[in-house]
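The listed protein sequences derive, respectively, from chains A and B. To get the numbering used here, take the position in the first sequence, counting from 1, and add 715. To get the numbering used here, take the position in the second sequence, counting from 1, and add 715.
One or more of the hints may lead you astray.
To be verified - Straight-line distance between alpha carbons at most 16 Å, and here's what the computed EDC-like set of lysine to aspartate or glutamate pairs gives:
#: 1; chain 1: B; residue 1: 884; chain 2: B; residue 2: 839
#: 2; chain 1: B; residue 1: 960; chain 2: A; residue 2: 1009
#: 3; chain 1: A; residue 1: 884; chain 2: A; residue 2: 839
#: 4; chain 1: A; residue 1: 960; chain 2: A; residue 2: 1009
#: 5; chain 1: B; residue 1: 960; chain 2: B; residue 2: 926
#: 6; chain 1: A; residue 1: 960; chain 2: B; residue 2: 1009
What the hints contain is simulated information worked out from the structure, not anything from laboratory work.
2 protein chains.
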Amino acid sequence: MGVIVDIHGHYTTTPPGLGVYHDALHARLGSGATGPLPELPEISDDDIRASIEGNQLRVQRERGIDLTIFSPRASWMEHHVTDAATAQAWARASNDLVHRVTQLFPANFAPVCQLPQVPGGPLEPCMAELERCVTQLGFIGCNLNPDPSGGFWSSPPLTDDYWFPLYEKMTELDVPAMIHVSTSCNPAAHTLGAHYLNADTTAFMQLVQGDLFSRFPALRFVIPHGGGAVPYHWGRFIGLTNREKLPSIYDNVLGNVYFDTCVYHQPGIDLLTSVVPVDNILFASEMLGAVRGENPQTGASWDDTKRYIEAAKLTDGDKEQIFELNARRVYPRLIVR
Amino acid sequence: MGVIVDIHGHYTTTPPGLGVYHDALHARLGSGATGPLPELPEISDDDIRASIEGNQLRVQRERGIDLTIFSPRASWMEHHVTDAATAQAWARASNDLVHRVTQLFPANFAPVCQLPQVPGGPLEPCMAELERCVTQLGFIGCNLNPDPSGGFWSSPPLTDDYWFPLYEKMTELDVPAMIHVSTSCNPAAHTLGAHYLNADTTAFMQLVQGDLFSRFPALRFVIPHGGGAVPYHWGRFIGLTNREKLPSIYDNVLGNVYFDTCVYHQPGIDLLTSVVPVDNILFASEMLGAVRGENPQTGASWDDTKRYIEAAKLTDGDKEQIFELNARRVYPRLIVR
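With the rest of the complex left out, here is chain A (with noise of 0.2 Å):
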């Protein structure tokens, strides 16, 4: 067997000074976000270290993961704050946080960063910060936010032109996104059981409705949460497809657009991996995210991922597709050491 990548894994766990800076920052903006902005506190490596040893890097032993590609918290992003410098000065702190990460356990992490959106905002700070990234801290991808104001859904579909300065930076840099939501600030919609699941099925769509990659034949997507309700739905998406005289989906997405393995039951990954062609499967468990403890049937951790991926009906090859080789071609400027 090979290499085990696991392309979606968040900073859920990081020390206590991020979350004081975080409060700090939510301080200034509500006395008017006229102040200047507050300082990080101080974070030694040994915090750092405290943080990841005990959680993703003892989880990562005990399931034989080598390596997570490795993003701030995504409900943490809170692309809803409308102050720009607040965005990028919270997007700057959380991916220097998980550059230290990588530094610290280059052949555990390697780094994705969070991008200083704000809901109808310019995306030229976006651009900067995944620039800066990559190109000085060896970033291999970034996290993208279809919805920045929480669950009002309030931004053009991903087709929209306003995207695309940000998606010549990320062909230029050769990095893929995540599509990925963060808190929802909607009472209607929970975060973890409905918003994620939703933006998941829903930019997925607007994909499918869309004629985005001849535009930009090279830009790559990972729907995370095995692609929401996509693959549960396969016919019916193939049907509306056919009903509505769009291409084929095959054709039209499936060159560009990648699910995760984020589906934490056996049945589940059975179907994702029997109806999605395994070209387009990247492993993945979201560890620690939103799911914890252990399914009393099996004794397992529901987020353990990579025992259903075993157990799945797939060659050897398709598994070594969806642990190593599919994430080594999304994501290039993976190193694995």
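Take the given structure of chain A and dock chain B to it, following the hints.
Then chain B, alone, in the frame of chain A:
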């Protein structure tokens, strides 16, 4: 084999007269909604027969479906229209037409009504229309839209006391509601490929978070489209309830909530029937609905869900529950002739 009841069909093939009325209502809205409401054009029994016989009735016979629980076209409910008089006139006309279908074909169709919801509006008109339909016209259920705004999710969750008067009326009349949104007004969310599925997932999670059924123990909801993303992510939902210390989905939700089988491929139905208890699954195909045409690999229509259930690993007793007995339990006013 007993009776085959399809619990999810919409009158998507209405005679042109209803479209003329729809356009006249919109023309009045376009000129300030101040003039008198238009008159519904005459629609003859022959018009109705012609709209049904070559469509839903033909497909029923081809597939061996005995009876369809039938409601107005979902995408045309248009609850985003804020004028209450329009909403009431439109719901009444749409429901009356469904009633006429069930009078002309009493063995083949049982009626479910549209409610005159408006975003954030009072629910009394909905309760009045529900009472009229059930007590005067023999309707056996209603469709309830959790997002009348059409994709902006401005309404409170279904567990909010805003909705309670309607639940009291549903309980008094002993009718269930299918949770079904209407057209998406949000360019980010495709109506059939995103908004419908997102609403199913969102509504289910609202019920998981809440405690609605201890207050309304006899209330029954059907989540269409196979429950949106929920069964595919069953492990995620179980794990989330564990993590957030919410009560068990089995105890807190599944006594009152049902999924239909509008999932248009065999792997999806196999997943649904393997993770959701058979007591909670109701046969449905939504024909003629979102998806038309045939799977080139099988030659069968995508929405011929009866085939998928017949091919699923289920006992004959399970299939009888899904095809008939659960529908009789959830819709006690259903009369099978």
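Each hint tested on the structure:
| no. | hint | result |
| --- | --- | --- |
| 1 | B:884 <-> B:839 | holds (10 Å) |
| 2 | B:960 <-> A:1009 | holds (14 Å) |
| 3 | A:884 <-> A:839 | holds (10 Å) |
| 4 | A:960 <-> A:1009 | violated (44 Å) |
| 5 | B:960 <-> B:926 | holds (13 Å) |
| 6 | A:960 <-> B:1009 | holds (14 Å) |
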